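Asker: Chains A and B are the protein sequences, given in the same order. When the letters of the first sequence are read in order and numbered with this note's numbering, they come out as residues 1 to 292. When the letters of the second sequence are read in order and numbered with this note's numbering, they come out as residues 293 to 617.
It is worth saying that the hints were derived from the structure and are not from the lab. Watch out, some of these pointers could steer you wrong.
As the list claims (entries may be wrong) - Covered by chain A, per the in silico footprint, the following chain B stretches (three or more residues, Cβ under 8 Å): (1) 302-315; (2) 336-346; (3) 410-416; (4) 435-448; (5) 506-518; (6) 535-546; (7) 564-577.
What the hints assert, rightly or not - Listed next, the in silico BS3-like pairs over lysine-lysine satisfying Cα-Cα at most 30 Å (straight line): (8) K555/B - K199/A; (9) K607/B - K71/A; (10) K576/B - K252/A; (11) K555/B - K116/A; (12) K101/A - K516/B; (13) K116/A - K610/B; (14) K101/A - K576/B; (15) K399/B - K101/A; (16) K103/A - K440/B; (17) K516/B - K199/A; (18) K606/B - K116/A; (19) K252/A - K516/B; (20) K395/B - K252/A; (21) K71/A - K600/B; (22) K259/A - K440/B; (23) K101/A - K606/B; (24) K586/B - K101/A.
To be verified - Ranges between beta-carbon positions, derived for each pair: (25) K147/A - T614/B: 52 to 60 Å; (26) I185/A - G344/B: 40 to 48 Å; (27) K103/A - S421/B: 28 to 36 Å; (28) V382/B - G133/A: 18 to 26 Å; (29) E257/A - D539/B: 34 to 42 Å; (30) K259/A - R350/B: 42 to 50 Å; (31) G73/A - N595/B: 29 to 37 Å; (32) K147/A - Y446/B: 46 to 54 Å; (33) K103/A - D341/B: 57 to 65 Å; (34) E257/A - L575/B: 20 to 28 Å; (35) E311/B - R256/A: 47 to 55 Å; (36) K598/B - H248/A: 57 to 65 Å; (37) E99/A - A534/B: 22 to 30 Å; (38) E99/A - G344/B: 54 to 62 Å.
What you are looking at is a predicted structure, and each value in this text was computed from that prediction instead of being measured. Glycine is no exception: its CB is placed at the ideal position from the N, C-alpha and C atoms.
Now for the letters of each chain:
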Amino acid sequence: MEKFRYALYTGCTARESTPELLKSTLAIADKLGIELVLLDEASCCGASHLQDYDDMLSLVLNARNICYAEKLGLTMVTICNTCQLNTAMTKHRLDTNPELKAKVNEKLAEVGLEYKGTSEVTHFLYAIIQDYGLENLSKKVSVPLSKFNIAPFYGCHNIRPSELQNLSNGGENPYNPTSLDDLIIACGGNNVDYDAKNKCCGFHAELQSPRTAAVLTGNALSGAIDANADWMVTPCPLCHLKLDVQHHSASKAIGREVKLPVLHMPQMVGLALGCTPAELGLQHHVTKVNFV
Amino acid sequence: MDEIKSQQVTFKLFRFNQETDYLPYYNTYVLDITHEEVILDVLNRIKWDHDGSLSYRRSCRHGICGICSIKVNGKAILACKSRLFDLIEVFGTELTIEPLSTKRALKDLIIDKEDFWNKHEQVTPFLVSDIDENPTLETLVVPHDAEKLLEADYCIQCGACHYSCPALEINDRFIGPAAFAAAFRFAADVRDDASLERLHVVNEEAEGVWDCVKCMECAEACPKDVNPIEKITKLHNMIFQAGIAKDNVATRHAVGFAHSIQKHGLLDEGELVRYSEGNIGVLKHMPEAFEMWKNGKIVMPWNMPKSKNLDEVKKLMKSSSTVKF
Ligand code: SF4
Ligand code: SF4
Ligand code: SF4
Ligand code: FES
Chain A
1 MEKFRYALYT GCTARESTPE LLKSTLAIAD KLGIELVLLD EASCCGASHL QDYDDMLSLV
61 LNARNICYAE KLGLTMVTIC NTCQLNTAMT KHRLDTNPEL KAKVNEKLAE VGLEYKGTSE
121 VTHFLYAIIQ DYGLENLSKK VSVPLSKFNI APFYGCHNIR PSELQNLSNG GENPYNPTSL
181 DDLIIACGGN NVDYDAKNKC CGFHAELQSP RTAAVLTGNA LSGAIDANAD WMVTPCPLCH
241 LKLDVQHHSA SKAIGREVKL PVLHMPQMVG LALGCTPAEL GLQHHVTKVN FV
Chain B
293 MDEIKSQQVT FKLFRFNQET DYLPYYNTYV LDITHEEVIL DVLNRIKWDH DGSLSYRRSC
353 RHGICGICSI KVNGKAILAC KSRLFDLIEV FGTELTIEPL STKRALKDLI IDKEDFWNKH
413 EQVTPFLVSD IDENPTLETL VVPHDAEKLL EADYCIQCGA CHYSCPALEI NDRFIGPAAF
473 AAAFRFAADV RDDASLERLH VVNEEAEGVW DCVKCMECAE ACPKDVNPIE KITKLHNMIF
533 QAGIAKDNVA TRHAVGFAHS IQKHGLLDEG ELVRYSEGNI GVLKHMPEAF EMWKNGKIVM
593 PWNMPKSKNL DEVKKLMKSS STVKF
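With the hints as extra help, turn the sequences into a complete structure.
Answerer: Printed below as a string of structure tokens:
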């Protein structure tokens, strides 16, 4: 089989509050024979908040990150939906606006870099599905997840706006996304359908609009619980922080106790590939993963 | 000419009469539809052939009046513009047709849009300009300035974005994507004299742009590619540029990223929360922070990772920053 090699943009979260995400990503890459080259030079993507403050600055910093993937001649993979959005958005804007690209490159020249537009930017989830292939993945499954009902939680920034995701994330339809469902099935699990699966978790308004954020988290958790899910899976560490850590405020906001283990996408794949809980960092979860 | 393809589709149609019904109910119709039909054709056929009491709004039939917006399987659409075959491709052959907001239904697909118009009014959605009543020349806007509106003037006030916005659904004081797009449309107009007032309106806590959850639902819902969230981001930028950003948790949350990147290249998550909330406000996050710390999810300041080649980041921060707070 073809050997896949990518430049991994970890984002900040995977190096701080969700160390289990980086750990499990590297663990499954190893099992699948995918080579990930860490982009240690990269800086924060701005998470759409730096973008609110200073558009030019965030373009320059994100372009710099992509430059390092271009230098390696590799596709950049992300493991956070919001990193994916902001990086792919930067790429899209620079690739379609030569004037803007020239302006950004003027700045990058000061540090000896040039953004060319030669590297694709895609979320690891889509790299697995489109490059590695779900069929090949299911051949590697040694511990099928057949006893579990698993609720996919897609996370906004991997599926919207579709105009952007069509270019980078395989043209998933945001009103009826299928990638995570397909991945669950490939791992031998039972995918659970519920309304909130493609809705927002509220993460980005958590500090300034806590009630809105908590209700959205509550809706997601209660939707999955009502659909009989044993646990949830998400490709976004920000969604994960919200769903895994914030169940108290979510329960309070919707007037109902909601709590469910939530796995990162690579943790789920890792379980199916026979990785140990420690290899996947399952001990880091606040809502304890009690089924393995 | 292409051959006309036809297909059987099941429609579940939302029915409700505010005057006589306690609860809404759904009628089911199985119809043969053809390739080129739009949802409005189906509604017309049901009304004309099956049930004359079905109520819905339509006028221009050309995607320009904005009155026919409804939801199909949760997706906001213009009934006169959405082709059945496209919807079938996404949702299959069972389609549920509902009003934009079921809780605002008056009769069947017709809703009370009062809240939508009130929000519009809040942002002064018209040009405020002291113009000569007997001008001798047109007030010219050169192409370069017209482009600054970024298609915000394409809005047809259909409400698709407004009734897809989760922040608005939960917090009814939130001004919402359509009115924000309108606020931007006039604030960005070179002829307008009320830009600053408008920016003050959208800068309010609980109502303004800061309470957007950045879900991108509005960009997805808009049938006119207005891309309201892009305009909301622009409004954020304009607030900082105009120097009217208040010193509060929302603005510090945005600015905090710049501070952190300057220092580490990466975001110092703990410091961001402390800086945004202040030394006292941060205390309310302590129970969660403790849970996170117990599980190895908190990086202590002295262990903060840093980007390699941090000097490049610092240099770019200096040369590329365009605003101050
Ligand atoms: S679901 Fe929430 S955390 Fe995830 S990308 Fe969307 S807004 Fe961000
Ligand atoms: S991005 Fe903001 S304004 Fe748009 S729908 Fe989401 S919360 Fe509403
Ligand atoms: S911005 Fe788009 S979706 Fe929103 S009211 Fe205007 S035309 Fe409709
Ligand atoms: S009838 Fe006017 S937009 Fe559809």
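Asker: Each hint needs a verdict: does it hold in this structure or not?
Answerer: The hints, checked one at a time:
Beta-carbon proximity to chain A at under 8 Å applies to 0 residues in the region 302-315 of chain B; the threshold of 3 is not reached and the given coverage is violated. Residue count for the region 336-346 of chain B with a Cβ under 8 Å from a Cβ of chain A: 0. That is fewer than the three needed, and the coverage hint is violated. Interface restraint, the region 410-416 of chain B with chain A: violated (0 residues with C-beta to C-beta distance below 8 Å; minimum three). Counting residues of the region 435-448 of chain B whose CB falls under 8 Å from any CB of chain A gives 0; the rule of at least 3 is not met.
Look at the region 506-518 of chain B against chain A: 6 of its residues bring a Cβ nearer than 8 Å to a Cβ of that chain, three or more, so the hint holds. Proximity of the region 535-546 of chain B to chain A, defined as three or more residues with a beta carbon under 8 Å from a beta carbon of that chain, is established by the 5 residues found. By the rule of at least three residues with a Cβ nearer than 8 Å to a Cβ of chain A, the coverage given for the region 564-577 of chain B holds, with 3 such residues. A hinted pair counts as satisfied when its Cα atoms are at most 30 Å apart, and K555/B with K199/A does not qualify at roughly 34 Å.
In summary, the hint linking K607/B to K71/A is supported, as the alpha carbons are separated by about 20 Å, within the 30 Å threshold. Note on K576/B and K252/A: the hinted pairing holds, with a Cα-Cα distance of about 15 Å set against a maximum of 30 Å. Distance hint between K555/B and K116/A is fulfilled; the C-alpha atoms sit about 27 Å from each other, no more than 30 Å. Between the alpha carbons of K101/A and K516/B the distance comes to roughly 27 Å, so the proposed pair stays at or under 30 Å and holds.
With a CA separation close to 23 Å, the supplied pair K116/A and K610/B stays within the 30 Å bound. A threshold of 30 Å between alpha carbons decides the hint, and for K101/A with K576/B the separation of about 43 Å lies outside it, so the pair is violated. In summary, the hint linking K399/B to K101/A is not supported, as the alpha carbons are separated by about 51 Å, beyond the 30 Å threshold. Distance hint between K103/A and K440/B is fulfilled; the C-alpha atoms sit about 18 Å from each other, no more than 30 Å.
The straight-line distance between the Cα atoms of K516/B and K199/A is roughly 22 Å, inside the 30 Å bound, and the hint therefore holds. Distance check on the hinted pair: K606/B and K116/A sit about 22 Å apart at the alpha-carbon level, within 30 Å; holds. Restraint check for K252/A and K516/B: not satisfied, since their Cα atoms lie roughly 38 Å apart, outside the 30 Å limit. Taken as a hint, the K395/B and K252/A pair is honoured in the structure, with Cα atoms around 24 Å apart against an allowance of 30 Å.
Taking the CA atoms of K71/A and K600/B, the gap is near 15 Å; set against the 30 Å cutoff, the hint holds. Pair hint K259/A plus K440/B does not hold up; C-alpha atoms about 47 Å apart against a cutoff of 30 Å. As the CA atoms of K101/A and K606/B are separated by approximately 21 Å, the hinted pair is consistent with the 30 Å bound. Straight-line distance between C-alpha atoms of K586/B and K101/A comes to about 45 Å, which puts the hinted pair past the 30 Å bound.
In this structure the hint that K147/A and T614/B lie 52 to 60 Å apart at CB holds, the actual value being about 55 Å. For the pair I185/A and G344/B, the supplied restraint of 40 to 48 Å holds, since their beta-carbon distance comes to about 46 Å. Range check, K103/A to S421/B: about 32 Å between beta-carbon atoms, so the 28 to 36 Å window is met. Between V382/B and G133/A the C-beta distance comes to about 24 Å, which sits within the given range of 18 to 26 Å.
Look at E257/A against D539/B: about 37 Å separates their beta carbons, and that is inside 34 to 42 Å. Separated by about 46 Å at the C-beta atoms, K259/A and R350/B satisfy the suggested range of 42 to 50 Å. Distance hint check for G73/A and N595/B: the Cβ-Cβ separation is about 33 Å, which falls inside the suggested range of 29 to 37 Å. Checked against the hint of 46 to 54 Å, the pair K147/A and Y446/B passes, with Cβ atoms roughly 51 Å apart.
For K103/A and D341/B, the Cβ-Cβ distance of about 59 Å falls inside the hinted range of 57 to 65 Å, so the restraint holds. Evaluation of the 20 to 28 Å hint for E257/A and L575/B yields a pass: the beta carbon distance comes to about 25 Å. A hinted range of 47 to 55 Å is violated for the C-beta pair E311/B and R256/A, which are about 34 Å apart. Roughly 33 Å separates the CB atoms of K598/B and H248/A, a value that falls outside the hinted 57 to 65 Å.
Range check, E99/A to A534/B: about 25 Å between beta-carbon atoms, so the 22 to 30 Å window is met. Distance hint check for E99/A and G344/B: the Cβ-Cβ separation is about 57 Å, which falls inside the suggested range of 54 to 62 Å.
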